[in-house]
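Letter by letter, the chains look like this.
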Amino acid sequence: QKEVEQNSGPLSVPEGAIASLNCTYSDRGSQSFFWYRQYSGKSPELIMSIYSNGDKEDGRFTAQLNKASQYVSLLIRDSQPSDSATYLCAVRLAGGTSYGKLTFGQGTILTVHP
Amino acid sequence: EPEVTQTPSHQVTQMGQEVILRCVPISNHLYFYWYRQILGQKVEFLVSFYNNEISEKSEIFDDQFSVERPDGSNFTLKIRSTKLEDSAMYFCASSLGTGGYEQYFGPGTRLTVT
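Just so you know, the protein sequences line up as chains A and B, in that order. Take the first sequence: its letter number 3 is residue 3 in my numbering, and every next letter is one higher. Heads up: take any position in the second sequence, counting from 1, add 1000, and you land on my numbering.
Keep in mind that the hints were calculated from the coordinates and are not lab data. Keep in mind it's a predicted model, so treat the numbers as computed, not measured. Treat the hints with care, since some could be wrong.
Unchecked claim - Covered stretches of chain B, going by a simulated chain A footprint (3 or more residues, C-beta under 8 Å): (1) 1007-1013; (2) 1043-1050.
Stated by the list, open to error - Simulated pairs of lysine-lysine, DSS-like, Cα-Cα distance not exceeding 25 Å: (3) B/1042 with B/1083; (4) B/1078 with B/1057; (5) A/56 with B/1083; (6) B/1078 with B/1042; (7) B/1078 with A/67; (8) A/42 with B/1042; (9) B/1078 with A/56; (10) B/1057 with B/1083; (11) B/1083 with A/67.
For every residue, glycine included, the Cβ atom is placed at its ideal position computed from N, Cα and C.
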């Protein structure tokens, strides 16, 4: 059973539109959730973190978390061609035997076309 | 802005050879990690390191792998006898703590085993 799932895409949106990226996770003990952006051939770049149910906004980005549904999403408003990248969802379990290990999804490829 | 650095950016080695990948984490961070990403696949956790010892490792991190913090700044990953399947991008990451602390990734080392 996969631990973190994302639609691989590609997701194509026009410039200026809202891009919606989704992620589900299997472990109910997960406590910390992160979105990373990865350009081709580059390393993951942290965009947002979210720990509590609800929405968290940072500029054009909004992360949404629903622990009951084991679902986390990322909305990108006013999408730009420079947002074209692979978006990685990463999940971390709570304390106990976990020392920070992040479990990543496969990533969703986003293409923003002019 | 402080960042994680890694050297070399690209390492080519022959099967059976030993390689050492080097990382300089962000200076005030206490937790260090190695991840790898095989081309076209998801980012996978290898090991976490805190207080000069391994705190968690994955099943990938077998006896062929070792980590070390030889001085106050460097963090290394050694692969004793490389295999073809070790070819991947290797990312070092660091964080202030575990819990909800965010992990910041270095640019990666592309390891090619021939």
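Hint check:
1. As drawn, the segment 1007-1013 of chain B meets chain A at 0 residues by the rule of a beta-carbon pair under 8 Å; below three, the given contact is violated.
2. Only residues whose C-beta sits within less than 8 Å of a C-beta in chain A count toward coverage, and the segment 1043-1050 of chain B has 5 of them, enough to reach three; the restraint holds.
3. Our distance criterion of 25 Å between C-alpha atoms is met by residue 1042 of chain B and residue 1083 of chain B, whose separation comes to about 19 Å.
4. In summary, the hint linking residue 1078 of chain B to residue 1057 of chain B is supported, as the alpha carbons are separated by about 14 Å, within the 25 Å threshold.
5. Taking the CA atoms of residue 56 of chain A and residue 1083 of chain B, the gap is near 43 Å; set against the 25 Å cutoff, the hint is violated.
6. Under the criterion of a C-alpha separation no larger than 25 Å, the hint pairing residue 1078 of chain B with residue 1042 of chain B is consistent with the structure, at around 21 Å.
7. A hinted pair counts as satisfied when its Cα atoms are at most 25 Å apart, and residue 1078 of chain B with residue 67 of chain A does not qualify at roughly 38 Å.
8. A distance of roughly 13 Å separates the Cα atoms of residue 42 of chain A and residue 1042 of chain B; the hinted pair therefore holds under the 25 Å criterion.
9. For the suggested pair residue 1078 of chain B and residue 56 of chain A, the alpha carbons sit about 39 Å apart, so the restraint of at most 25 Å is broken.
10. For the hint pairing residue 1057 of chain B with residue 1083 of chain B, the CA-to-CA distance comes to about 19 Å; that is within 25 Å, so the pair holds.
11. Between residue 1083 of chain B and residue 67 of chain A the CA atoms are separated by roughly 40 Å; this puts the pair beyond 25 Å, and the hint is violated.
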